[in-house]
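Given the coordinates of chain A, work out where chain U should sit on it, guided by the hints.
Here the protein sequences line up with chains A and U, keeping their order. Residue numbering for the first sequence follows the working numbering, beginning at 506 and increasing consecutively. Residue numbering for the second sequence follows the working numbering, beginning at 143 and increasing consecutively.
These are calculated hints, taken from the structure and not from any lab test. One should not assume that every hint holds.
Below, computed lysine to aspartate or glutamate pairings styled on DMTMM-like, alpha-carbon distance capped at 20 Å [to be verified]:
#, chain 1, residue 1, chain 2, residue 2
1, U, K513, A, D743
2, U, K513, A, D707
3, U, K191, A, E573
4, U, K188, A, E580
5, U, K513, A, E744
6, U, K161, U, E231
7, U, K191, A, E580
8, U, K188, A, E578
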Amino acid sequence: MFWRRRDEPAEAAEPAEEPAAEPAAPEVVPATMARPAREPRGMGIRARPSGFGARLRSILGGSGPATEATWDEVEEALIAADVGATTTLELVGAARERFRADCGASGEDARRALATEIRDRLARVGSGTFELGPAPSVILFVGVNGTGKTTTIAKLAHRLQADGRSLALAAADTFRAAAIEQLRIWGEQLGISVIAQRAGADPGAVAFDAVAAAESRNLDAVLVDTAGRLQNKQQLMDELAKIRRVIERRLPGQPRHVLLVLDATTGQNGLLQAEAFSREVGVTGIVLTKLDGTAKGGVALAAADRLEVPILFAGIGEEIDALAPFDPEAFVEWLFAE
Amino acid sequence: MFESLSSRLQGITARLRGKARITEADLDVALREIRLALLEADVNFKVVKDFVAHVRERAVGADLLSGVNPGQQIVKVVHDELVAVLGGERHHLQIDARPAVLMMVGLQGSGKTTSAAKLAVHLRKEGRTPMLVAADVYRPAAVDQLVQLGDQVGVEVHTRSVGTPALEVARSGYEAARQRGVDVMILDTAGRLHVDDAMMDELVRIAGAITPAETLLVVDAMTGQESVRVAEAFHARLPVTGLMLTKMDGDARGGAALSIRAATGLPVAFLGTGERIDGLEAFHPDRLAQRILGMGDILSFVERVQENVDQDQAEAAARRMMENRFTLEDFRNQLDQIKKMGPIGQLLQMVPGAGQMAGAAQAAVDSGEMKRIEAIIDSMTPAERRRPDIIKASRRRRIALGSGTSTAEVNRLLKQFTEMQRMMKMISAGKMPRAGGGLGALLGR
Chain A
506 MFWRRRDEPA EAAEPAEEPA AEPAAPEVVP ATMARPAREP RGMGIRARPS GFGARLRSIL
566 GGSGPATEAT WDEVEEALIA ADVGATTTLE LVGAARERFR ADCGASGEDA RRALATEIRD
626 RLARVGSGTF ELGPAPSVIL FVGVNGTGKT TTIAKLAHRL QADGRSLALA AADTFRAAAI
686 EQLRIWGEQL GISVIAQRAG ADPGAVAFDA VAAAESRNLD AVLVDTAGRL QNKQQLMDEL
746 AKIRRVIERR LPGQPRHVLL VLDATTGQNG LLQAEAFSRE VGVTGIVLTK LDGTAKGGVA
806 LAAADRLEVP ILFAGIGEEI DALAPFDPEA FVEWLFAE
Chain U
143 MFESLSSRLQ GITARLRGKA RITEADLDVA LREIRLALLE ADVNFKVVKD FVAHVRERAV
203 GADLLSGVNP GQQIVKVVHD ELVAVLGGER HHLQIDARPA VLMMVGLQGS GKTTSAAKLA
263 VHLRKEGRTP MLVAADVYRP AAVDQLVQLG DQVGVEVHTR SVGTPALEVA RSGYEAARQR
323 GVDVMILDTA GRLHVDDAMM DELVRIAGAI TPAETLLVVD AMTGQESVRV AEAFHARLPV
383 TGLMLTKMDG DARGGAALSI RAATGLPVAF LGTGERIDGL EAFHPDRLAQ RILGMGDILS
443 FVERVQENVD QDQAEAAARR MMENRFTLED FRNQLDQIKK MGPIGQLLQM VPGAGQMAGA
503 AQAAVDSGEM KRIEAIIDSM TPAERRRPDI IKASRRRRIA LGSGTSTAEV NRLLKQFTEM
563 QRMMKMISAG KMPRAGGGLG ALLGR
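For reference, chain A alone in the conformation it holds in the complex:
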């Protein structure tokens, strides 16, 4: 697995208590109801029936010679992982060149060439470590509808809290029915205050309030939730740009992070999403969600490459701690693991 996972088992319902003054990782009361636990598989980590790694293995495994057919199959495997036809052709082309230059012959050599190529591409866009800046850091979450922005905010808040950071959440999704309630419930469970106005309020105003509150309370960071929006709706993209401007004007140099939340199930449209959101609000990093299904999220490779920003986190489950730092090195290992 390419993500690191904390070992503690997810604790079940404890009555909500006052958040501890010294913020050790707080007990989290499950949202509404706990889902039934999933069968652990493999290395004690949840189901991840990745046909992809196994497939590449079987194509490239062993010491048999790599043929034209081998490369065709590699191409197909990458396309099946949503890497996208264009990026796949580039990747395989570059890998073949490397393979030739290294006088490769076997499938194993081909595998190494491809792995190096992918690793290089991921390394080129930055280290992928997530750091807060001088307090307060504003973190703006953007993305299309249904990628998991609100859930990701709760998970990241939980992580930062465990590191002893003081936080606030801002409910700037004032559009979707019950989005504010959803964030409020998370806030209550985590013991983090949620800055909100009424439904339908100006999201820029909510962001402004949140930044002001973060400043006056000397918080380390404020995480701003925004309404999901399809990137081809210019009006909504303008609204998002305005939210960013409001934050910037209130606190120059902020938002410190603009995180694009990308659903791993998304196909090539993910690339258009990345480009459009980056153009409007300057994406600084990608969070790839729903990696606990069967999707490989290959489009994130292309997106990171195109935007030249790192993939920072991977969403790997429903629980509050199911958000892991994305490790490019390990990701490649995982891609080719059995």
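Using the frame of chain A, we list chain U on its own:
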């Protein structure tokens, strides 16, 4: 959404069209490009393989390459294959039982809750009494979301207190629906991964307990290669009867629709188009095929108009148009009615030959042009709306101030309106109207 795929396919086939002779090599090049276009549109790679193989087989087998006008013939083969994959007849919901249960299932974030509310509105328009049941007991505020949507549209929502298992919510919802003589119970369920056995079991138990008449798999139109695996997994465990493709107002090329249809044979029943509660279209495969062929979809357009336009008002306005008494007041009403029909870009996509106009018109709306026009008209007195010719310099200044626009903009609107009246005169005098005349001229500047 299919437009970008179809325009790319048309581009590829256009190069074949004119050729008197097509070699195998030409065919190879074209098929490779078709393959790429389909893959970039997120059509599943296995489906693409089959598709391309079929086209090749038919092209070579029928000796099209040496026949008359081979390019044209191959274009036809490609289109026929597309239509074959999409399927012919529209899926009609089988909801005759009282109450008939309509269960919504799918991955997280695919849009089940919103779609459930949209379906309720859609069914009520068809004269049914729907009821919503909130059985997503896991996601925080999911129940709130459905309750709020239900409130917005005036549809009853059955809920239970936090901690009630989904199966129990579904059962008591069914009981409530039965007692109240509701025709359709729409069951919203929690999003889940197709590989999450425990969660899939929950759905199987619910389906076993209340026997849904229809189980709609809600799929995000932006889904990539996994769409087939997801649909197959849900289909294998549950009696899925159709698909609801959401976020179709985005710019995804919608390969998921083609892939799932080809792999599972499940019909696409509905398309979700936008965040407005009426953003739902019944899916007509044959009409979609026409849309891909660039023939427009005039039937859907007419239906949309019929559903939303106040017939009496429209007739009165038409009468006044014919009698050349059409005023800015009428025009303002028309703008309102058009808005009720949904985004104008979407509407124009359905009109044959108006596809290119759609983008420009939508841009005009998005940039606030439409709002400015409304503001200008709203800042006029009733007398001014009825007789715009009385609007002279000082009235123009007042209207510009009142609407937050400039006198130049007021002038432009008045000029365009005069032009529109002149055209109406021509039309009523029996001359042919120009497509998209009045409104197009006003919005298109």
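How the hints compare with the structure:
1. K513(U) <-> D743(A): Roughly 16 Å separates the two Cα atoms, so the pair holds.
2. K513(U) <-> D707(A): 19 Å, holds
3. K191(U) <-> E573(A): Answer holds: K191(U) to E573(A) is near 18 Å, not above 20 Å.
4. K188(U) <-> E580(A): 13 Å, holds
5. K513(U) <-> E744(A): 16 Å, holds
6. K161(U) <-> E231(U): It is violated: about 35 Å lies between the C-alpha atoms, which goes past 20 Å.
7. K191(U) <-> E580(A): Measuring from Cα to Cα gives roughly 13 Å; hence the hint holds.
8. K188(U) <-> E578(A): This hinted pair holds, its Cα atoms lying about 12 Å apart.
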